[in-house]
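Chains A and B, in that order, give the protein sequences.
Here this note's numbering is used: the first residue of the first sequence is 27, the next is one more, and so on.
Here this note's numbering is used: the first residue of the second sequence is 273, the next is one more, and so on.
To be clear, the hints were calculated from the coordinates, so they are not data collected in a lab.
Treat the hints loosely; a few may be bogus.
Taking lysine to any residue and the SDA-like style, the derived pairs with C-alpha atoms no more than 25 Å apart in a straight line are [claimed, not checked]:
no., chain 1, residue 1, chain 2, residue 2
1, B, K364, B, R521
2, A, K64, A, K117
3, A, K243, B, H467
4, B, K487, A, K82
5, B, K301, B, E460
6, A, K243, B, Q479
7, A, K64, A, D248
8, A, K251, A, T200
9, A, K39, A, Q75
10, B, K487, A, V199
11, B, K487, A, K251
12, B, K487, B, L299
13, A, K82, A, E204
14, A, K117, B, F522
15, A, K243, B, A404
16, A, K39, B, N508
17, A, K243, B, V497
18, A, K39, B, D463
19, B, K370, B, A404
20, A, K39, B, L299
21, A, K117, B, A482
22, B, K487, A, R110
23, B, K401, B, M478
24, A, K117, B, K370
25, A, K67, A, P244
26, A, K39, B, F522
27, A, K243, B, G520
28, A, K243, B, K487
29, A, K243, B, R483
30, B, K487, A, H241
31, A, K243, B, K364
32, B, K301, B, H467
Interface residues of chain B toward chain A, partial, derived using beta-carbon atoms under 10 Å [claimed, not checked]:
no., residue
33, H476
34, M478
35, M493
36, I505
37, N508
38, G520
39, F522
Even glycine gets a Cβ: it sits at the ideal position worked out from N, Cα and C.
One letter stands for each residue in the lines below.
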Amino acid sequence: MEENAHIVSAFDKELAHIQDQISQMGEHAAAVLQTALKAVKNRDPVLAQQAIDMDKVLDDFELEIEEKATQIIALRQPMALDLRVLISAIKIATTLERIGDLGKNIARRALVLSDGKKLKVTSSIEQMGRATRLQLKAIMAAHQTRDADLAVEIWENDVDIDEMYNTIFREVVTYMMEDSRKISAGSQLLFIAKNLERIGDHTTHISEMIYYVVHGKPLGDDRPKGEPLGLDEE
Amino acid sequence: MNKMTTKNVDVFYGKNHAIKDVSIDILDKTVTAFIGPSGCGKSTFLRCLNRMNDTISICRITGDLLMDGEDIYAKSVDPVQLRARVGMVFQKPNPFPKSIYDNVAYGPKIHGLVDSKSDLDEVVEKSLKRAAIWGEVKDRLNESGTSLSGGQQQRLCIARAIATAPEVLLMDEPASALDPIATAQIEELIDELRHSYSVVIVTHSMQQAARVSQKTAFFHMGDMVEYGDTSAIFTNPVDQRTQDYITGRFG
């Protein structure tokens, strides 16, 4: 449904402000991820530390969005679309904060990796990192324009990231078997890949929120998912 | 189960087409809320349900209005008897300038619903209890109804309305002149009354409609735009006009 302006114009401003905060937070989460991935690629401890520090801002964003949304709910008693926008704003803020935490975790592992030698598998990680980051950027664009179709498309595409994770998992395990000195670095890379896969999942959660805002009903739970590897291995 | 049904009801005040082709089922033992901006026709439509519009000479009603499948506008129906079955509570508390006891006893007496003084005492006590005001007035039943506070007066009016054991209770903005505590008491009471009656409430407070009703009908410029489960109307309405109204976007 299209939106007309509220009779109380301050309400429109407050809602717009929340939307804007979410957009900024999304950009910041993407920046944390980008910095952390660069640190992994370049084995750069300074960049890694920078990504870790950047994550703190996301906590502030989350708190502020939660506070603002709660205040609007208390003061304006929003209904229907407005209520959905606010409830999903709180949920999206929490999700972005978690994405930031996963990005920070990647940066921490980049710190550990920075004094070791480069593993061949890094390029696959880079590719997966790029895909994950683009998904995140795309979902934030869908959020801004309230584009439920785009959100569903992103939701469906997460299966690609799941597949990338499986490929990397196999690759890294192979390297570790070939050369036991690579086990330490290899396991860091496995965690990085797992973090990226989790970021992909969180992105689909934002898809679900956008769908809910637009259509007022849940998107459902039958998202195409990659078969998880590493659970059924002997 | 349907208690009342209207089919293609139109209401005219002279040349003014106040209600346009409204068909709705009012369910038994359910609270139905009519919402909509001022002048949308919701009170007019409510007043059709117990023929309160009969007293307005320029008012003309077409279409079918049925209670338990029977036409309430049939020649054989006595509007006074009908109003004993379809009670009404108004926006402003309007107790009779009589004692608290007589306010409640009046209906059962004129409709001949009781045989003895002790029966009448019982009906009065039961009605005041159901209206959640017994504890506050039981020691002053002979005092004037108008000596009570606004919230108490409104509950007295509800006691008066239910004293004739109606099947449907119509409430036109029953809490709009009350403070938040008295409002909460009325809402609690509506929820309790729902177990015995079909309640139809007109309200300007959307939060109140959302809290007390199970079904909601949205009126706009004489049309019934949308009717459905209250939970759906207030979270995900189908019509753009409903959405605009409940989110405060109507100009």
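These are the hints, each one checked on the structure:
1. B/K364 with B/R521: violated, 28 Å
2. A/K64 with A/K117: With a Cα-Cα distance of about 28 Å, the restraint between A/K64 and A/K117 is violated, given a limit of 25 Å.
3. A/K243 with B/H467: Distance ~31 Å between A/K243 and B/H467 Cα, so the pair is violated.
4. B/K487 with A/K82: violated, 47 Å
5. B/K301 with B/E460: Holds - the C-alpha atoms of B/E460 and B/K301 are around 15 Å apart, at most 25 Å.
6. A/K243 with B/Q479: Holds, because 21 Å separates the two Cα atoms, which is no more than 25 Å.
7. A/K64 with A/D248: violated, 34 Å
8. A/K251 with A/T200: With a Cα-Cα distance of about 24 Å, the restraint between A/K251 and A/T200 holds, given a limit of 25 Å.
9. A/K39 with A/Q75: violated, 37 Å
10. B/K487 with A/V199: Violated, at roughly 60 Å.
11. B/K487 with A/K251: Violated, because 40 Å separates the two Cα atoms, which is more than 25 Å.
12. B/K487 with B/L299: holds, 9 Å
13. A/K82 with A/E204: Violated: A/K82 and A/E204 sit about 39 Å apart, past 25 Å.
14. A/K117 with B/F522: Cα-Cα ~29 Å, so violated.
15. A/K243 with B/A404: With Cα atoms ~39 Å apart, A/K243 and B/A404 exceed 25 Å; violated.
16. A/K39 with B/N508: holds, 22 Å
17. A/K243 with B/V497: holds, 21 Å
18. A/K39 with B/D463: violated, 37 Å
19. B/K370 with B/A404: This hinted pair holds, its Cα atoms lying about 20 Å apart.
20. A/K39 with B/L299: violated, 41 Å
21. A/K117 with B/A482: holds, 24 Å
22. B/K487 with A/R110: Given pair B/K487, A/R110 holds - Cα atoms ~21 Å apart, limit 25 Å.
23. B/K401 with B/M478: Violated: B/K401 and B/M478 sit about 28 Å apart, past 25 Å.
24. A/K117 with B/K370: violated, 58 Å
25. A/K67 with A/P244: violated, 38 Å
26. A/K39 with B/F522: This hinted pair holds, its Cα atoms lying about 17 Å apart.
27. A/K243 with B/G520: Holds. A/K243 to B/G520 sits at ~22 Å (cutoff 25 Å).
28. A/K243 with B/K487: holds, 20 Å
29. A/K243 with B/R483: holds, 21 Å
30. B/K487 with A/H241: holds, 21 Å
31. A/K243 with B/K364: violated, 40 Å
32. B/K301 with B/H467: holds, 5 Å
33. H476: violated, 14 Å
34. M478: B/M478 check passes; min Cβ-Cβ to chain A is 6 Å, inside 10 Å.
35. M493: Since the shortest Cβ distance to chain A is 17 Å, the answer is violated.
36. I505: holds, 8 Å
37. N508: Holds. Min distance 3 Å.
38. G520: holds, 5 Å
39. F522: holds, 7 Å
In the structure shown, a violation is registered for the earlier hints numbered 1, 2, 3, 4, 7, 9, 10, 11, 13, 14, 15, 18, 20, 23, 24, 25, 31, 33 and 35, in ascending order.
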